[in-house]
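Engineer: Counting from 1, one number per residue, gives the positions in the sequence shown under the numbering used here.
Wrong hints could be hidden among the right ones.
[As the list claims (entries may be wrong)] List of simulated lysine-lysine pairs, DSSO-like, C-alpha gap at most 30 angstroms:
{"#": "1", "residue 1": "K72", "residue 2": "K99"}
{"#": "2", "residue 1": "K33", "residue 2": "K63"}
{"#": "3", "residue 1": "K33", "residue 2": "K115"}
[As the list claims (entries may be wrong)] Beta-carbon label-pair distances, calculated as ranges:
{"#": "4", "residue 1": "K37", "residue 2": "K116", "range": "38 to 48 angstroms"}
{"#": "5", "residue 1": "M172", "residue 2": "K249", "range": "22 to 32 angstroms"}
{"#": "6", "residue 1": "Q220", "residue 2": "K128", "range": "18 to 28 angstroms"}
{"#": "7", "residue 1": "D227", "residue 2": "L21", "range": "56 to 66 angstroms"}
{"#": "8", "residue 1": "E54", "residue 2": "N133", "range": "37 to 47 angstroms"}
{"#": "9", "residue 1": "T58", "residue 2": "N121", "range": "19 to 29 angstroms"}
{"#": "10", "residue 1": "E55", "residue 2": "L165", "range": "51 to 61 angstroms"}
{"#": "11", "residue 1": "K37", "residue 2": "E153", "range": "17 to 27 angstroms"}
{"#": "12", "residue 1": "E18", "residue 2": "I102", "range": "49 to 59 angstroms"}
{"#": "13", "residue 1": "G52", "residue 2": "L260", "range": "42 to 52 angstroms"}
{"#": "14", "residue 1": "K37", "residue 2": "K138", "range": "35 to 45 angstroms"}
These are computed hints drawn from the structure, not numbers from a lab. Here a beta-carbon is modelled for each residue, glycine too, at the ideal position from N, C-alpha and C.
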Amino acid sequence: MNISDTFGDPPLIHCVKEQNLELIEFVLSQSTKVDTKESNGMTALMHASLLGNEEIVTKLLEKGADPNIRDKKNMTATLHAACHGKKKIIVILKKAGDKTDIKEINGAFLIYLAKKGDVKNVQRLLQKGADVNFADSKRWTPLICAAHYGRIEVVKELLKLPSVLVNAQAAMKTTALHHSAREGHADVVEQLVSHNADINLQDNLGFTPLFYAKDELTAQKLLLFKDKIDFSLKNNDGLNALDFHKKKKNSKIVEALENLQ
């Protein structure tokens, strides 16, 4: 029963994703290895942990699941739980012998708090020495998360730290500035560029933040720093920002760009 199912998941992991305890117990009764992994290195325990399913986590641990295994992104089950704010799961895993460093756990929990915009608890964890540059399985840092969701107060708090990597790149090479521009968080865009975010950094598609500008206001915030912008940069399709927005029929942004010429 260790063969992958139709979708490429080992049966145990597929059952955990479905949160079907009855099927999980059946699969485990067939002597399936409890720590079987997906191609990304994730185990059934990791999936149960990020889902916050205490019953399944407990069952897997009873069957000998190892809480200290790390996937290909260097994440443990505890770190997956922390990134999703699953405090009770962390307690269960710790009791089962998890050895994940507390600084890592606090860094992972920062991911969750940054998404929620919980400034008070972000401050508390930072004071405890949480890793401000912790990256989750998508390589998102707390700053990228806060920027993506428009949590301006969290962004400001994180930018106070000299150690924060303002140009940290996620799996697709996007930065906090790419995310805030794409989501139309103009206030976040201005904060980031004011704190030396690279306005010309290109992601895997060759897009700079200007390509991602969701609306006129976001574009205008970027254009406040026009002296820093390389307007000649092209994406993977050979288009510069002006040509790209013309193709997308973003007339207001096109007008703003043409007015600079």
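Engineer: Each hint should be assessed against the structure and marked as holding or not.
Structural biologist: Here is what the structure says about each hint:
no., hint, verdict
1, K72 x K99, "holds (18 angstroms)"
2, K33 x K63, "holds (9 angstroms)"
3, K33 x K115, "violated (35 angstroms)"
4, K37 x K116: 38 to 48 angstroms, "violated (30 angstroms)"
5, M172 x K249: 22 to 32 angstroms, "holds (25 angstroms)"
6, Q220 x K128: 18 to 28 angstroms, "violated (39 angstroms)"
7, D227 x L21: 56 to 66 angstroms, "holds (60 angstroms)"
8, E54 x N133: 37 to 47 angstroms, "violated (30 angstroms)"
9, T58 x N121: 19 to 29 angstroms, "holds (27 angstroms)"
10, E55 x L165: 51 to 61 angstroms, "violated (38 angstroms)"
11, K37 x E153: 17 to 27 angstroms, "violated (39 angstroms)"
12, E18 x I102: 49 to 59 angstroms, "violated (32 angstroms)"
13, G52 x L260: 42 to 52 angstroms, "holds (49 angstroms)"
14, K37 x K138: 35 to 45 angstroms, "violated (18 angstroms)"
In this structure, the earlier hints numbered 3, 4, 6, 8, 10, 11, 12, 14 are contradicted, and the remaining ones agree with it.
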